[in-house]
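Chemist: Okay, here's what each chain looks like letter by letter:
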Amino acid sequence: MTLTKDAAQAAKVASNKQSEFNTRLRASFQQLLAFASLLALVLFFSVASSNFYQAANLSNILLSTVVTGLLALGTTFVIITGGIDLSIGTGMTLCSVMTAVFMTQLGMPMIVGVLCGVLFGALMGGINGFLVAFLKIPSFIATLAMMMVAAGLALVISGTKPIYTNEVAGFQKIFALGKSIPGLVIPNAVFILFAAAIVAGLLLSKTILGRYTYSIGSNMQATALSGVNVTKWTVLIYTVAGCFTGLAGVIATARLNSAQPAGGAGLELQAIAAVVIGGTSLAGGKGSIIGTVIGALIMSVLTNGLSIMSIPQEWQQVAVGVVILLAVYLDMMRRKKATN
Amino acid sequence: MTLTKDAAQAAKVASNKQSEFNTRLRASFQQLLAFASLLALVLFFSVASSNFYQAANLSNILLSTVVTGLLALGTTFVIITGGIDLSIGTGMTLCSVMTAVFMTQLGMPMIVGVLCGVLFGALMGGINGFLVAFLKIPSFIATLAMMMVAAGLALVISGTKPIYTNEVAGFQKIFALGKSIPGLVIPNAVFILFAAAIVAGLLLSKTILGRYTYSIGSNMQATALSGVNVTKWTVLIYTVAGCFTGLAGVIATARLNSAQPAGGAGLELQAIAAVVIGGTSLAGGKGSIIGTVIGALIMSVLTNGLSIMSIPQEWQQVAVGVVILLAVYLDMMRRKKATN
Amino acid sequence: DTAAEAPVANGKTYIAIVSKGFQHQFWQSVKQGAEKAAKEFDVEISFEGPDKETNVQQQMDQLNNAMAKNPQALALAALDSKAAEGVLQDAKGKNIPVIAFDSGVDSDIPIATASTDNKAAAAEAAKHMAELLGNKGEIAIVGHSQTATSGTDRRDGFVDYLKTNAPDIKIVDIQYADGDQAKSTDAAKTIMTAYPNLAGMYGTNEGAAIGVVNAVKEAGKTGKLVIVGFDSGKAQMDAIKDGLMAGAVTQNPVGIGYETVKAAVAAIKGEKVEKVIDTGFYWYDKTNIADPDIAANLYE
Amino acid sequence: MSKKLLRISGVNKSFPGVKALSEMQLDLNHNEVLALVGENGAGKSTLMKLLSGIYVPDSGTFEIDGQEVAINGTKHAQELGISIIHQEFNLMQDLTVAQNIYIGREPRRAGLFLSERALNRKARLLFDQINIDLDPKDRVGDLTVAKQQMVEIAKALSYKSRILIMDEPTAALNDAEVATMHDLIRNFTNEQTGVIYISHRMDELKAISNRITVIRDGAYIDTVDTESTTMREVINLMVGREISGNQRPASQTPSDEVVLKVSGLETKGFLRDINFELHRGEILGFAGLMGAGRTEIARAIVGADRISAGTIELKGTEVSIGNPAIAASLGVGYLSEDRKHLGLLLERDVKDNIALSSLKMFSRMGVINDKAMKSTAATYIDKLRIKTPSSAQTAKNLSGGNQQKIVIAKWLVKDCEILIFDEPTRGIDVGAKEEIYTLLNDLVAQGKSIIMISSELPEVLRLSHRIAVMSEGRLTGFLSNAEASQENIMELATQNTTGAVLTPLPASSAQRSTS
Ligand SMILES: Nc1ncnc2c1ncn2[C@@H]1O[C@H](COP(=O)(O)OP(=O)(O)OP(=O)(O)O)[C@@H](O)[C@H]1O
Ligand SMILES: Nc1ncnc2c1ncn2[C@@H]1O[C@H](COP(=O)(O)OP(=O)(O)OP(=O)(O)O)[C@@H](O)[C@H]1O
Ligand SMILES: [Mg+2]
Ligand SMILES: [Mg+2]
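Residue numbers (the numbering used here), protein chains in the order written: chain A, 362 to 701; chain B, 362 to 701; chain C, 122 to 421; chain D, 1191 to 1705.
So that you can see chain A by itself, here it is in the shape it has in the complex (with noise of 0.2 angstroms):
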């Protein structure tokens, strides 16, 4: 080539680097606004109820928000790559169940349990990612079945009664109330979430399995096409998806000192939808962890807040529609903005 470099070059570069400084700042602006659904949100209900804004009732918001946070962060994984994970609510029940009977019937050692219940998780998002990535079934089908299948199994194995887990020494702990951050009484679960949430962030954003799940997403063929084992990659990022869905389980044991074997079902369009206000895109591709820590809490301020507001619970259903849409709508017209 036979570029001169040249003043006008230099200018260039350095007006380079001033949009890409612009660039970084807007990116972190955006970051920045994406809170704002959410400190409206908590403004607006600390306004409304002097209940709201309580060191205890904020607790409770965390606390609610664990479970669908965790199922929200693994199905993160599993939304940038261009998929979609419906098995997480009852694939949650499952794990809960065995981790109760490795527990229990099985007799093993709490942090061994709690082991194999993640592990167990990490399993059925391995099968999840096998009939995806090898046998090709589309996603939305292969999870809805393995949603089926976990919500029976689910039953089966507990004998469609809840296994108790009272007895296992220390596993409440998990659950429990730590008291780490002074006038603060902050479960251990929630920083359980958070620990897991930051994990998930490195695996996106710093290592090779993090790039693969947006390339993938961005562009399947493209991707395979240059040489990336796209088959292996799938199933080995659905799986790191399932191990957040069985940690979910786990958590919800120790929750409720006993797995319950019904249920679930519906907690997975609750977590796709934390992961989709927190502006990962359903066509794949783009997404972060951040975004869907936000969008898991605004969830469960809003059902906090209205409840907590004693507004009748139809009424609640309909204001969270709402609310979920106004987000959604202002989060996309600030980005909008931003990149304008």
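Hints were generated in silico from the structure; no laboratory data involved. Cβ coordinates follow ideal geometry from the N, Cα and C atoms, glycine included. Warning: the hint list may mix true and false statements.
[Stated by the list, open to error] No more than 20 angstroms apart at the CA atoms, straight line, and that leaves these computed lysine to any residue pairs for SDA-like:
#1 Lys257(C) with Asp227(C)
#2 Lys567(A) with Phe1303(D)
#3 Lys1350(D) with Asp1332(D)
#4 Lys497(B) with Asp1495(D)
#5 Lys203(C) with Glu528(A)
#6 Lys1604(D) with Ile1511(D)
#7 Lys1604(D) with Lys534(B)
#8 Lys133(C) with Ala409(A)
#9 Lys534(A) with Gly207(C)
#10 Lys355(C) with Tyr525(B)
#11 Lys1265(D) with His1372(D)
#12 Lys497(B) with Leu687(A)
#13 Lys647(A) with Arg695(A)
#14 Lys1577(D) with Val1620(D)
#15 Lys1564(D) with Leu563(B)
#16 Lys338(C) with Ala320(C)
#17 Lys284(C) with Glu259(C)
#18 Lys203(C) with Asp227(C)
#19 Lys1550(D) with Lys534(B)
#20 Lys1505(D) with Ser1519(D)
#21 Lys534(A) with Lys522(A)
#22 Lys534(B) with Val462(B)
#23 Lys1458(D) with Met694(A)
#24 Lys522(A) with Asp227(C)
#25 Lys1561(D) with Tyr525(B)
[Unchecked claim] Quick list of the computed label-pair ranges, beta carbon to beta carbon:
#26 Gly627(B) with Lys257(C): 36 to 42 angstroms
#27 Leu563(A) with Asp1332(D): 24 to 30 angstroms
#28 Phe495(A) with Val397(C): 58 to 64 angstroms
#29 Met694(A) with Val683(B): 42 to 48 angstroms
#30 Lys342(C) with Lys593(B): 50 to 56 angstroms
#31 Leu563(B) with Arg1496(D): 50 to 56 angstroms
#32 Gln582(A) with Ser1670(D): 42 to 48 angstroms
#33 Lys257(C) with Val683(B): 34 to 40 angstroms
#34 Met694(A) with Asn1221(D): 56 to 62 angstroms
#35 Ala556(B) with Glu1607(D): 40 to 46 angstroms
#36 Asn1559(D) with Lys697(A): 38 to 44 angstroms
Based on the hints, put chains B, C and D with the ligands in the right spot on chain A.
Modeler: Chains B, C and D with the ligands alone, transformed into the frame defined by chain A:
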């Protein structure tokens, strides 16, 4: 132009015709094969239980397909555009409540009430379409919000109580048993389903609306740049889909002689599963009504057959999950073979 | 509706009620009873319950939210007593009296329980079924939940009674349909297809019972099966009046709600409350449906 | 002489209803650029996909340095030293330039962790080496088509490959960038390496290739030495018939009637003070360097992008065009430069694509008349020589050039008063180009008006009555056909610029007669 219309050209035209014929043949072969999973299931259950292949039971199966089937018809349109509709389950419930309100509290004559019920569905669909097309909110989020709003409103409007429609003259006939085919008692509702399927099929394959449905799903941007008013057509397509939700609501009301304000959640996943089992791609651009009908039938044959066999319910769920996987997988294999 | 700040602002007593559900008729009737008592005793209440009776977590969140509103008393129908143990301890620590209702709470903390015995009520239904069938024949059950206690108690009470008192009645199938009328209809119809000789069916709540009635109607087998149900509601009462259904057991959900609030008010005032408030159940059929005693316990 | 670097013989490949290659052969020497030419759908891309492990041949042998190889999979092809730039982009839009180039080969720490800094450094080093002006940190989705093409090229060069296959790499580039690319290729070829180069731009074959292999209808025709052959001979081999061409437009002058008047048009990001008029029966060419803003003007006019200032008048009345649908209803059609993303319905069949803009014409009361659609499609399949087994073939199964023809046909069917064609002949073979030129001339003869954006100057010069030249979002001048030459266009195209610097034109195109 310098085209020489010689013998070679003529030969080429002839071979074009030949290969076009082949393409058609292959396409209909595929369509035929889509029945295969369904037939295999029917065959299996007929052998497994002598009670299965009975006129009365077949009519049961058809009957239990009606509501999900109608929902699946509507959502086929939305899915072909590349969207998704999660609001059909609780939306159907809201339409049911509105139909009952129209006919009892507002005292509309039966026919007008039915029409208004369907139109109310169209309105909801139109709102979904507006959110998706004008505000550019991802359809998953828009319809998830609508799902919550509809669930809430159904309770609010009904005062959380069922609304009974026994007094409405002629209304029950809609669902009642017809005797159109000697020997086989087929409820009117089933005819309505098939009529609706035919209308949907014609809309999709023979009209501009259908063509745009495919085009938008195939490449929205290209369609827009081709001078198609994508926004307007998207709203229309969602509105049409909403009509089917409305119709499902009307029929559900007629069947139960009342509008049941709670519930409906979960139906959307069943309907979407039916659509996808029927070969419509969630990526958009591809799909057919006949496939959806077959998909819906597969779902209800499965549920009915397993329960006729008195399989414990928890195992039924597992079996449904596995069979869905198999059906989709085999269908994919067949398609692959058909195109190779 | 009542403003959020009302309990604090005007110093009215506030009682938080967390039930097992809120959408279904049964729970709406409980709510109605509670509201009636609230008016009568001039207290504020809130009434919440999970979307489904399998959502134990959601109920836990609702319990936590209720506690955050600093109620003077807490009323609870626990989906799982052990899961709720933590909140109960919390309430005890804060000296908030806890009243249990519906199927009760398996714990020492509640100072009173306003409930019916689901098992006994189901046994009553079984008794009538056995009588109507002459102690023999094949029957089936359409349940509303295979995990929620109300579902399992109403199933087990029924099954156990027949096992001991009418061993010739064979329960050939039990299917669960979430208390959804349409699903229950489909389930009941498949059962009838699978067991053509079926002589009777039992639905464990309003949705299940009406589903059974619908199924019999749709299958054209009106009058050929003995149907017993649970709960009330207009459709079920109509079915009984029309002779489609032999009868049903009703609990007194309005009474449960009323008694719960009444007990809570008493507890707040430091008055003594009965440990067990049995709100009872009643068998009703064509013959007694209009009796004032019975009618008072039925709801449309 | 040593063994051939690559030798292909007896290769057959069929798709359902199409025999794409039959008994194909080809050989590539060391230190050689072998051009591969043929009409649209001749089988060039298919052959290259066999080489790069995407398709498996039905039969045939491949030898590298005399060693027979069976290529199974893309990764294997890479290991054998074959790297390819596909005709269609294979980029991850959401990743950055550097991330795209080194996907699957990113510098790692502890096997799992990424080092973004090392990655960007590596990319920058590569760009310096091969002298490409790209920022490693730019998101690929934000780049123009031309820049994306550069990313593809950089990616292919980043593999230490011996055989580089380039499938129409210059289709999206203008002459200056083409020259850059040719330099890249010259630097790449040495005693160990060779290049297979596919292009429909005849002028550049002379500039870059050593030999030219011609194929037709999936069969091998001949290989000639570039030095000793004229392009006319190559074209005749290619199409098997005589092609007329290379005249400037017939002296028939456009009328004075102004059909489109753009005044003071600006967009928020880029365009500044755009003023021009389009006359009835005129072809107004738009020339400019990559990123000059031609596409952006077109998009702004049809309402695909928002305008921040300015007015648009159609036949003297001011109009406000909010979206392309309004534009189309006012008789303004826009053919996008990016056929894959903005032009085609890949999953739909040929006739659906052709009829997309004019569905209303093929329907009565909303009901589609499939027969009419089919016969119209057949007409254009004939007219534009679209190579397809039938009008029911799925668009994605057509060759790139034939896909482009479908997109053109779509707008020919629509019957717009004003057509804006953005790089209409991208990827189209010489023969078909002539036919399209004829069609465009026919259209203006009928009184239609055309804006033609093209990066191929000879094409602009040949067709346009007037040429508007752009640079960095501004119109820098208008030239009448008579006064325009490649030189004065380039002068205007680089006027007022700060960064981009005039690059000498490729020898071949500069020499081309423009009589
Ligand atoms: N996947 C496919 N399925 C069916 N037919 C195909 C497929 N891929 C290519 N073809 C057909 O094979 C023939 C050769 O196509 P190919 O893409 O190799 O042409 P090409 O020489 O690269 O043309 P162009 O210059 O237009 O890019 C064409 O007729 C095309 O329609
Ligand atoms: N999607 C985009 N995001 C950001 N900037 C863009 C985008 N598309 C174009 N641009 C910028 O807009 C300007 C004009 O680009 P445009 O595509 O109109 O140029 P062009 O003259 O058509 O050139 P070519 O098509 O040959 O690249 C360029 O500076 C380009 O960088
Ligand atoms: Mg090609
Ligand atoms: Mg351009």
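Chemist: Assuming the hint says 34 to 40 angstroms, is it satisfied by the Cβ distance from Lys257(C) to Val683(B) or not?
Modeler: Holds - the Cβ-Cβ distance for Lys257(C) and Val683(B), about 39 angstroms, lies within 34 to 40 angstroms.
Chemist: Quick one: are Ala556(B) and Glu1607(D) within 40 to 46 angstroms, going by C-beta?
Modeler: Check passed, 44 angstroms falls within 40 to 46 angstroms.
Chemist: Can the restraint linking Lys284(C) and Glu259(C) be considered satisfied, given a maximum Cα separation of 20 angstroms?
Modeler: Within the cut-off at roughly 13 angstroms; holds.
Chemist: Do the alpha carbons of Lys203(C) and Asp227(C) lie within 20 angstroms of each other, as the hint requires?
Modeler: Roughly 7 angstroms between the alpha carbons, so the hint for Lys203(C) and Asp227(C) holds.
Chemist: Given the hinted pair Lys522(A) and Asp227(C), is their alpha-carbon gap at most 20 angstroms?
Modeler: The given pair, whose Cα atoms are some 16 angstroms apart, holds under the 20 angstroms limit.
Chemist: Is Lys497(B) within 20 angstroms of Leu687(A), Cα to Cα?
Modeler: Roughly 12 angstroms between the alpha carbons, so the hint for Lys497(B) and Leu687(A) holds.
Chemist: Does the structure keep Lys534(B) and Val462(B) at a Cα separation of 20 angstroms or less?
Modeler: Satisfied, since the Cα-Cα distance of roughly 19 angstroms is no more than 20 angstroms.
Chemist: Is it true that the CA of Lys1561(D) sits at most 20 angstroms from the CA of Tyr525(B)?
Modeler: At roughly 51 angstroms apart (the allowed maximum being 20 angstroms), Tyr525(B) and Lys1561(D) break the hint.
Chemist: Would the pair Lys355(C) and Tyr525(B) pass a check requiring their Cα atoms to be no farther apart than 20 angstroms?
Modeler: 8 angstroms, holds
Chemist: Do Asn1559(D) and Lys697(A) keep their Cβ atoms within the hinted range of 38 to 44 angstroms?
Modeler: 41 angstroms, holds
Chemist: Kindly confirm whether 58 to 64 angstroms is satisfied by the beta carbon distance between Phe495(A) and Val397(C).
Modeler: 59 angstroms, holds
Chemist: Hey, Lys133(C) versus Ala409(A), does the alpha-carbon distance stay inside 20 angstroms?
Modeler: 18 angstroms, holds
Checked against the numbered hints given earlier, this structure breaks hints 1, 3, 7, 11, 19, 21, 25 and 31; the rest are met.
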